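> Chain residues, written in single-letter form:
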Amino acid sequence: MPEALSPLARSAVRPPGPTQVMGGWEVSTRVSTSSLWLADVSPLAKVLVRAEPGAGVAARLGVGHGRARRRADGVLVVGSGPGEWLLVGPPGSASLLAGEVEVERGEGFASVVDLTHGRALLRLTGPTAPMVLAKLCPVDLSDRVSPNLVAFRSFLANLATDVVRDDLDGSRSYLLHCERPSGQYLYDVLIDAGAEWGIEPTGVFAPPAKET
Amino acid sequence: MILIPCPHCGPRNASEFAWKGEHRPRPDPARASPAEWRSYLYHRANPCGWTTEVWFHRAGCRRYVTVERHTLTNEVRRAVPAGGER
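Residue numbers (the numbering used here), protein chains in the order written: chain A, 1 to 212; chain B, 1001 to 1086.
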């Protein structure tokens, strides 16, 4: 007997309890009190754009390989590779983001793909976040080499991962983007690596509580 | 450690790359003799010294890179996009 399909979307990462359904996703509502926290932000819309690096699409997206920029509407545009961009927007906005990408005649081949349910996206935040990543990643994470809004792809615990530095209110923060089947592994390895600095999981829509 | 200066990503550890072999010009299949074709497919120079190789940046930009490497010292003196890509 075929199993009834559920309209509920689940992330690749098991949400730490308590959970509730928000925007069609089962998410954790846990609130961390630690200065170092890890959140599963996979429900954010993720759209991959591929186009000729020198074409008009690249100029309209306004960011090159290795950099990211935050648009006025809050959408993060990441130059994730040569001729490759990742748009990260609010949950449920993937169709809107994909529709905004204009490809004009004569600009060569371009592709726009909604990756929201095919990738995992984590956010690691805290003053010791670079030290956690330095245990897993061979790239220099110092301010000189990797300032805010830098983007690169490298190995993180031997897993090819897109890393975007996207500071929150002046605090070091990194978005980590990988294939969905590897999401739980990356989450677990970050929790393990951050244990010595007191890392705590927090919910996707729950901002960490300020320590008093 | 071998450090490869990827033309797209900057210097990266060779563990991020996959070695694809010596760079060799491909003969014209319509004109090459069986011996030339066999040599292209199976024979390698394997020098002790400078050689030109193709590496694939699998954990980075996912592009092919032509690299000049010294096989004894692992010094890399040049890395450019393979195939004349932009």
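No lab work stands behind these hints: they were computed from the structure.
Only a predicted model underlies this, so the values are computations on that prediction, with no experimental measurement involved.
Backbone N, C-alpha and C define an ideal beta-carbon position, used for all residues, glycine too.
Be aware that one or more of the hints could be misleading.
Looking from chain A toward chain B, a few residues come up when the C-beta cut is under 10 angstroms (computed) [claimed, not checked]:
| id | residue |
| --- | --- |
| 1 | H65 |
| 2 | R69 |
| 3 | E84 |
| 4 | P138 |
| 5 | V139 |
| 6 | S154 |
| 7 | N158 |
| 8 | L159 |
| 9 | A160 |
| 10 | T161 |
| 11 | Y185 |
> For the hint on H65 (chain A), does the least C-beta distance to chain B fall short of 10 angstroms?
At about 6 angstroms, which falls below the 10 angstroms cut-off, the nearest Cβ of chain B leaves the hint on H65 (chain A) intact, so it holds.
> Can we keep the E84 (chain A) interface hint, with Cβ of chain B closer than 10 angstroms?
Result: holds, 8 angstroms to nearest chain B Cβ.
> Quick check on N158 (chain A) please, does its C-beta sit within 10 angstroms of some C-beta on chain B?
Hint on N158 (chain A): holds, closest Cβ of chain B at ~9 angstroms, below 10 angstroms.
> Should the interface hint for V139 (chain A) be scored as holding, given a Cβ-Cβ cut-off of 10 angstroms against chain B?
holds, 8 angstroms
> May I ask you to test the interface hint for A160 (chain A) with respect to chain B, counting a Cβ-Cβ separation under 10 angstroms as satisfied?
holds, 4 angstroms
> Please check whether L159 (chain A) passes as an interface residue: C-beta within 10 angstroms of a C-beta belonging to chain B.
Because about 9 angstroms separates L159 (chain A) from the closest Cβ in chain B, which is inside the 10 angstroms limit, the hint holds.
> The hint names S154 (chain A) as touching chain B; please verify it with the least Cβ-Cβ distance against 10 angstroms.
Where the cut-off is 10 angstroms and the nearest Cβ of chain B is about 6 angstroms from S154 (chain A), the hint holds.
> Answer holds if the nearest beta-carbon of chain B is closer than 10 angstroms to that of T161 (chain A); otherwise answer violated.
Since chain B brings a Cβ to about 8 angstroms from T161 (chain A), closer than 10 angstroms, the hint holds.
> Does the CB of Y185 (chain A) sit less than 10 angstroms away from some CB of chain B?
Where the cut-off is 10 angstroms and the nearest Cβ of chain B is about 15 angstroms from Y185 (chain A), the hint is violated.
> Tell me if R69 (chain A) is really an interface residue toward chain B, meaning its C-beta lies closer than 10 angstroms to one of theirs.
Since chain B brings no Cβ nearer than about 19 angstroms to R69 (chain A), farther than 10 angstroms, the hint is violated.
> Holds or violated: is there a CB of chain B closer than 10 angstroms to the CB of P138 (chain A)?
Holds. Min distance 5 angstroms.
Hint compliance for this structure: hints 2, 11 are broken, all remaining hints hold.
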